[in-house]
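Trainee: Please construct the entire structure, taking both the sequences and the accompanying hints into account.
Chains as they are written, first to last, in full-length UniProt numbering: chain B, 1 to 786; chain S, 1 to 480.
Be careful, since some hints might not be right.
As the list claims (entries may be wrong) - Each computed DSSO-like pair below joins lysine-lysine, with the alpha-carbon atoms no more than 27 Å apart:
{"no.": "1", "chain 1": "B", "residue 1": "LYS705", "chain 2": "B", "residue 2": "LYS640"}
{"no.": "2", "chain 1": "B", "residue 1": "LYS29", "chain 2": "S", "residue 2": "LYS29"}
{"no.": "3", "chain 1": "B", "residue 1": "LYS381", "chain 2": "B", "residue 2": "LYS436"}
{"no.": "4", "chain 1": "B", "residue 1": "LYS129", "chain 2": "S", "residue 2": "LYS213"}
{"no.": "5", "chain 1": "S", "residue 1": "LYS29", "chain 2": "B", "residue 2": "LYS266"}
{"no.": "6", "chain 1": "B", "residue 1": "LYS556", "chain 2": "B", "residue 2": "LYS545"}
{"no.": "7", "chain 1": "B", "residue 1": "LYS602", "chain 2": "B", "residue 2": "LYS614"}
{"no.": "8", "chain 1": "B", "residue 1": "LYS388", "chain 2": "B", "residue 2": "LYS708"}
{"no.": "9", "chain 1": "B", "residue 1": "LYS171", "chain 2": "B", "residue 2": "LYS29"}
{"no.": "10", "chain 1": "S", "residue 1": "LYS389", "chain 2": "B", "residue 2": "LYS129"}
{"no.": "11", "chain 1": "B", "residue 1": "LYS640", "chain 2": "B", "residue 2": "LYS436"}
{"no.": "12", "chain 1": "B", "residue 1": "LYS174", "chain 2": "B", "residue 2": "LYS556"}
No wet-lab data here; the hints were simulated from the structure. It should be emphasised that the depicted structure is a prediction, and the values quoted were computed from it without experimental measurement.
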Amino acid sequence: MRNLKAKGSPASQVAGTTGVARVHESATKHVSGTAIYVDDMLEPRGTLYGAVGYSSIAKGRITGMDLSAVRQSEGVVDILVVEDIPGVTDIGAVFGGDPILTSEEIKYQGQPIFVVVAETEQQARRAVKQAKIEFVEDVPTLDVIEALTAQQFVRPSHFMSHGDAQAALAKAPKRLQAEQHVGGQEHFYLEGQVALVVPAEDGGMLVYSSTQHPSEVQKLVAEVLSVPANRITVDMRRMGGGFGGKESQAAGWACMAAALVLKTGKPVKLRLPRVDDMTMTGKRHPFYNTYDIGFDEQGLIQGADIMVAGNCGHSADLSDAIVDRAMFHADNAYYLADVSIAGHRCRTNTVSHTAFRGFGGPQGMMIIERAMDDIARAVGKDPLDVRKLNLYSAGGRDTTPYHQTVEHNVLLELIEQLEQNSDYRARRAEITQWNKTSRVLQRGLALTPVKFGISFTLQHLNQAGALIHIYTDGSIQVNHGGTEMGQGLHTKIIQIVAEALAIDPHEIQITATRTDKVPNTSPTAASSGTDLNGQAARNAALTLKQRIAECVAEHKACGRDSVRFADGRIYWGDQGESMSFADGALFAYENRVSLSATGYYKTPKIWYDREQAKGRPFFYFANGAAVSEVVVDTLTGEYKVLAVDILHDVGRSLNPALDCGQIEGGFIQGMGWLTTEELKWNDKGVLLSNGPATYKIPAISDTPKRFKVDLFARANEEDTVYHSKAVGEPPFMLAISVWSALRDAISSLSNYQVSPPLDTPATPERVLNAMMATREQAAEQKGKGR
Amino acid sequence: MIRFLLNDREVCLENSAPEMTVLEYLRTKAEQRGSKEGCASGDCGACTVVVAEVVKQRLRYRTLNSCITLVGSLHGKQLLTVEHLQQHDALHPVQQAMVDQHGSQCGFCTPGFIMSLFCLYRNDHQPTRAEVERALAGNLCRCTGYRPIIDAALSLAGQGVADALAQQEAAVATRLTDMLQQPISASMQAGQRHFLVPTSSDELLAQLTAHPKAQLVAGGTDFSLTITQQLQQPDTLIYTGRVAELTQIEESEQWLKLGAALSYTDVEPLLQQHFPSFARLLERLGSLQVRNQGTLGGNIANASPIGDTPPVLLALDAILHLRSPAGRHTMPIAEFFTGYRQTKLPTSGFIEAIEIPLQPERQLYVYKISKRLDDDISAVCAAFSIELKDGVVQQARLGFGGMAATPARAFHAEQALLGQPFSEQGIEAAQQALAQDFSPIDDVRASGAYRLQVAQNLLLRAVLEQDNPTAEALEVVQYA
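Mentor: Written out as structure tokens, the structure reads:
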């Protein structure tokens with residue numbers, strides 16, 4: 001590099017650093033169709049295309065497999081069966097139990113048995129249909145209660161307690177018990193699972209995978225191929241949605257493709273058609289929950305005994321941590337006094353359920369939010385008042401069931417602000433009156449809060465790395481361990497680095513997440529992407545800033561403290577001398593300063609002793625609350641969400657537009673989970689809702705006409721990146737307000753005397769049934785003179 | 001030869017499989033990968049493209065799901081894809097609006113939204129929120145919650161979206177017109193399997209006779225799933241969309257006669273005029289992309305028990321005009337369905353038109369019940385055509401979907417209504433009789449018990465709707 005010329009000075013205004021509603025770094029590419037997803041890459045010449053053959057039964061054994069017709073099918077090049085795998089064949093993320101392919105035991109419908117590669121994708125898919133596989137079928141376990149009763153668990157049960165729940169329940173003035181089923185959820189990322197694997201030297205491979213966890217894909221591909229991890233590079237530029245579905249369950253397809261690359265010597269692409277994707281990949285865990293709660297005449301909880309049981313499917317996958325998180329959130333925002341919580345991990349013969357935005361937290365919260373409504377009906381109060389009464393507060397009411405103290409608690413203030421802004425009380429009065437005279441329709445209203453713990457509960461995942469290069473023209477490449485799935489992580493990282501270096505964000509290029517740039521990364525999950533990778537990137541930037549500043553101080557003969565970075569320039573001395581950042585980069589290069597640095601971060605303060613079920617698993621809590629208003633049809637059970645007001649706590653927002661996007665998107669996704677998104681398996685364990693024709697995520701007109709989202713203006717008191725808070729998952733649970741509002745509308749049929757059970761998803765059918773049951777129960781109570 | 005414009009480039013296809021979809025063509029042959037495959041079943045809209053064709057010397061623009069549109073059906077049309085909107089590095093106004101409003105997150109669904117928005121603004125410069133929702137109901141987004149997309153769409157209302165494409169319209173119309181006037185046979189073939197594009201009923205009949213294994217395809221919104229989901233490789237396909245007699249509308253004082261290959265979008269304005277409740281149902285039938293493709297004739301001929309128009313056509317006593325090698329004849333639609341996906345359509349025969357009698361003395365009530373309000377398949381679809389004299393039922397036709405193996409009338413319930421007042425008490429016997437007419441099944445959409453309960457309740461809804469002097473909202477869709 002001899003002929004070096006720095007670029008002209010960057011704009012003096014540094015726009016788009018943190019706190020600004022900068023547009024997504026890929027927005028113009030998204031809208032013009034030029035954002036490249038794995039399936040959009042032009043394949044290397046000779047690429048083969050895979051398709052997976054899977055089990056049609058839920059439980060049993062393979063007794064015969066004839067793949068000769070598959071092999072003879074047009075265009076077919078090769079077939080992969082488990083015996084072809086040179087290395088490890090169990091690709092379970094944490095505990096094992098997830099065979100890459102099976103030739104013997106069948107544990108769920110959709111279990112992969114073989115993979116065929118052909119010259120085109122259509123040929124491969126048609127060839128799969130030629131397989132003749134004989135099974136001997138066993139009776140599958142499909143019911144979570146059956147598994148619970150038989151104690152068929154994928155992992156041991158876990159318990160946490162604070163005080164003496166049974167004693168408190170025994171002496172409580174009032175007591176209620178209930179059970180609920182909370183449905184699962186299909187991720188329905190718009191881009192299905194996909195991997196493209198290209199052979200490299202020394203037995204290595206370059207893996208393009210749509211994954212939230214490149215390092216785990218790298219590890220598993222290496223293990224499956226039986227090569228060291230250093231031969232495998234995973235590249236992930238962007239996903240077309242992840243939501244947790246590509247945390248552990250993106251790896252299998254990459255492993256299969258890699259094994260076929262090894263077998264054929266050709267690049268292999270394996271992309272799941274939608275029905276195959278929905279059939280073969282795990283979902284949000286369905287849960288069966290119960291509570292036994294004691295409270296006083298005011299509705300103040302005295303003690304609680306809560307049980308959450310996750311339907312994990314056939315294997316552990318991430319279920320240990322998911323059910324733990326359900327337990328960690330079975331209190332949601334409320335002080336339960338003397339409490340015990342049991343969490344079970346039930347084994348059934350379905351696909352292994354997996355991470356999904358909220359990671360068990362939403363399912364755990366559902367039981368306590370159900371209790372709040374039930375208590376309110378029992379004591380004749382507005383549910384909002386019962387919720388407020390039971391919030392964590394100072395004065396000995398701030399310890400969680402896992403013995404973490406709830407610090408910096410803003411929820412009462414936040415709720416009261418939302419109550420005011422949404423005009424909750426006036427609307428409550430108007431709705432109650434309106435319901436009395438309406439012939440067919442009934443309206444409902446509810447305000448529910450969210451308190452969500454931020455940190456991976458598996459401690460070692462709370463670390464991140466980043467790598468920054470500054471080139472001699474002042475342009476910058478940033479790489480970090482997080483993956484972009486639409487949440488705007490890369491945009492926030494650009495803003496963070498721009499702020500740290502006081503430069504224009506346009507100077508920063510984010511590159512694909514790659515395991516050869518930043519190694520040993522954690523999944524982009526647990527809402528932690530920005531908290532962890534943002535700090536790591538900031539630390540790398542600060543290292544480089546320090547190096548440049550020292551170089552300037554040395555060669556310009558001024559004090560280190562006089563060197564400062566501002567508005568895309570570097571200033572030094574007391575005469576106001578300066579140069580552009582680009583000139584500074586060149587200056588540093590010419591003075592032999594390394595312009596490449598790594599950054600690292602680990603979350604402070606957290607610990608958890610699982611044996612004792614005590615500790616501080618969460619660095620801090622993210623908070624929010626939502627008011628939802630619904631209208632239901634008493635003839636059909638159809639409903640519509642009319643209005644939603646949200647106040648959410650993201651600390652000091654790094655990017656209000658992206659944060660609002662997460663809040664709104666999370667809310668609507670949560671609403672879908674609780675309303676129209678119904679997973680149905682038949683009595684043989686075959687998934688019936690296996691495509692978008694039968695599985696209904698919210699469409700555009702499901703978005704409420706009034707959808708008002710405000711950010712709670714309060715910086716995070718913990719030392720997070722620019723005092724922001726994580727935002728990916730917490731807003732998802734704001735949608736519980738929709739379910740609670742539906743129950744409110746149904747309860748109006750009994751003049752709010754009956755608190756109707758309403759399992760989820762609350763489809764029109766479940767709502768109609770709940771209304772009929774409520775009317776019957778109200779008539780019975782009237783008959784008894786109550 | 002099949003000829004069409006891919007954006008501004010002419011494409012000629014001669015030796016292609018009849019089942020090749022537009023999306024497969026775009027992504028694997030043309031290697032234009034801006035259009036995405038989300039589901040390959042016409043449900044998510046990520047593959048949305050716009051197709052322009054010449055109608056009355058002008059270009060008419062419509063959105064389609066390219067994943068279930070057969071490439072042969074593009075003959076003589078212009079296919080517009082997301083790659084074409086950006087002109088000289090400047091984003092199209094709808095693209096810029098989506099950027100400005102933060103309308104994309106993961107971005108995978110975005111090209112489809114862009115094409116739907118582009119088409120919306122090509123056809124209407126002042127869309128309301130309801131019209132925006134109708135235009136985008138077939139585009140699923142899993143990230144944004146739609147609010148910023150709605151804002152992006154509405155931010156352009158009234159501003160006009162001048163773009164370079166508008167200036168090319170006349171030239172494109174001329175090119176397409178020339179293309180269609182070429183004296184070549186519009187067809188393509190792979191081996192012995194053909195894709196044929198006849199232009200007259202006679203030609204269609206001749207081709208059906210010559211290719212006894214041929215399958216008719218109109219919009220293909222249902223048929224294409226046999227290709228993309230079941231991976232079938234059909235024999236010969238005959239596309240009905242250019243057959244003159246099948247795309248005509250005739251109107252008299254007594255009836256409407258609608259060509260069988262008219263799309264739902266084509267017939268919507270006329271139905272709005274005569275049967276507004278039927279037109280309202282169409283707004284919830286599939287998505288706009290599906291309504292732009294799907295046809296009345298296809299909905300009837302495939303005889304699905306959950307097709308949305310047959311229950312209404314049953315209630316309206318529609319008459320089918322059939323043609324086969326034996327000649328032309330008519331048949332009341334009530335006689336047409338014989339079993340699950342079975343009909344009385346003669347071998348090598350087809351539906352030419354659907355005749356709907358105009359009976360102003362009858363009141364028509366139409367209801368659709370589904371999990372999701374938009375773009376969902378009915379759990380129950382009900383259509384009641386009732387004639388009253390002094391409040392007493394003289395004639396009743398109750399058509400149902402989702403209640404039996406075929407779209408079906410509720411004959412017992414109809415009988416029970418006759419001579420009764422159309423009131424809460426007057427319908428009680430008919431509500432009971434529905435249990436005689438139907439034993440609906442449990443499936444992925446609803447239980448049989450729910451279906452029956454709802455069917456009974458919908459009779460009550462019709463009564464309440466009739467006797468609703470204060471115009472109180474009786475359906476959630478009306479309330480919102």
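Trainee: Now tell me, hint by hint, if it's right for this structure.
Mentor: To see whether the hints hold, each was checked on the structure:
Of the supplied pair hints, the one linking B:LYS705 and B:LYS640 holds, its CA atoms being roughly 10 Å apart against a limit of 27 Å. Distance restraint check for B:LYS29 and S:LYS29: the Cα-Cα separation of roughly 22 Å lies within the 27 Å cut-off, and the hinted pair is therefore satisfied. Of the pairs offered as hints, the one joining B:LYS381 and B:LYS436 holds, with about 18 Å between alpha carbons and a cut-off of 27 Å not exceeded. For a cut-off of 27 Å, the pair hint linking B:LYS129 to S:LYS213 stands: about 23 Å separates their Cα positions.
Only pairs whose Cα atoms come within 27 Å are accepted, and S:LYS29 paired with B:LYS266 is accepted, the gap being roughly 21 Å. A hinted pair counts as satisfied when its Cα atoms are at most 27 Å apart, and B:LYS556 with B:LYS545 qualifies at roughly 16 Å. Restraint check for B:LYS602 and B:LYS614: the C-alpha separation of about 21 Å stays at or below 27 Å, so the hint holds. Note on B:LYS388 and B:LYS708: the hinted pairing holds, with a Cα-Cα distance of about 22 Å set against a maximum of 27 Å.
Between B:LYS171 and B:LYS29, the direct Cα distance comes to roughly 63 Å. Violation of the 27 Å bound is thereby established for this hinted pair. For the hint linking S:LYS389 to B:LYS129, the alpha-carbon distance of about 60 Å lies beyond 27 Å, and the restraint is violated. Only pairs whose Cα atoms come within 27 Å are accepted, and B:LYS640 paired with B:LYS436 is accepted, the gap being roughly 19 Å. For the proposed pair B:LYS174 and B:LYS556, the alpha carbon gap of about 77 Å is over 27 Å, so the pair is violated.
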